[in-house]
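**Q** Model the full assembly from the supplied sequences, consistent with the hints where possible.
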Amino acid sequence: MNQSFFHIKRAILILSASIWGIAAPGVMAIELSDGTVWFEKSPRLIKISSTYSQIYLRGSTYYFTLELPQDVGEQLGKVVINQRQGFEDIRFKLEDTRAFVGTNGERGESLTIEETTQDEQTGAIAVKFGQAVDPGKTVTVGLRPIRNPITSGAYVFGVTAFPAGEKSHGIYLGSRSLRFTEGSEIDSHRR
978 MNQSFFHIKR AILILSASIW GIAAPGVMAI ELSDGTVWFE KSPRLIKISS TYSQIYLRGS
1038 TYYFTLELPQ DVGEQLGKVV INQRQGFEDI RFKLEDTRAF VGTNGERGES LTIEETTQDE
1098 QTGAIAVKFG QAVDPGKTVT VGLRPIRNPI TSGAYVFGVT AFPAGEKSHG IYLGSRSLRF
1158 TEGSEIDSHR R
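Just add 977 to the spot in the sequence shown (first one is 1) and you have our numbering.
Hints are computed from structural coordinates only; laboratory data are not their basis. Nothing here was measured: the structure is a model prediction, and the numbers come from that model. Hints are supplied without guarantee of correctness; some may be wrong.
PhoX-like mimics (lysine-lysine), calculated; alpha carbons at most 25 Å apart, straight line [claimed, not checked]:
hint	residue 1	residue 2
1	K1018	K1070
2	K1144	K1018
3	K1105	K1144
4	K1018	K1114
5	K1114	K1055
6	K1018	K1105
7	K1055	K1105
8	K1024	K1070
9	K1024	K1105
10	K1024	K1055
11	K1055	K1070
12	K1055	K1144
13	K1055	K1018
14	K1144	K1114
15	K1114	K1024
With beta-carbon atoms standing in for the labels, derived distance ranges [unchecked claim]:
hint	residue 1	residue 2	range
16	P1046	E1091	22 to 28 Å
17	E1086	P1046	15 to 21 Å
18	E1159	G1113	37 to 43 Å
19	G1151	S1010	28 to 34 Å
Cβ coordinates follow ideal geometry from the N, Cα and C atoms, glycine included.
**A** What follows is the structure, given as structure tokens:
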């Protein structure tokens, strides 16, 4: 009974942190009685970058890089990316989504994507992997916008990671921004 109460209390605290957009870096393993799976330790959002930072430019890819610690406890099943701030909503070519092990600068094997969907209400993009990603790996998801935004400035994206499984609870990893400018600069992250 006491152990069950402890797990419920911890689940409520983590859920509250996730709802309010607070990253939970030291999450303990939780499996609720209904079978909902949680990470033992939170994955980390390492970096967000764009191949091009010029406004209104076509052909960019936005890269979202996550690190799965060896002791994360569960495989990564899905990543949800949500534009949280910006002067306009950026539209994406969902069918061009890609994912791979490693970073944009040091790409490893390509990962199969089962599906990429976008919530019509929130605009959140869910990228579900065809095969779950094992702990101890760095993973990068690439989203292709139809074009970069028309208005220069910072555009903030939040990232949530979900363990593999039918019933899994995501952990909000935090947010990072992409800055778009006028001119013909090529982002230094392009390789």
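**Q** What are the numbers of the hints that this structure violates, sorted from low to high?
**A** Violated hint (a single one): 1; every other hint is consistent with the structure.
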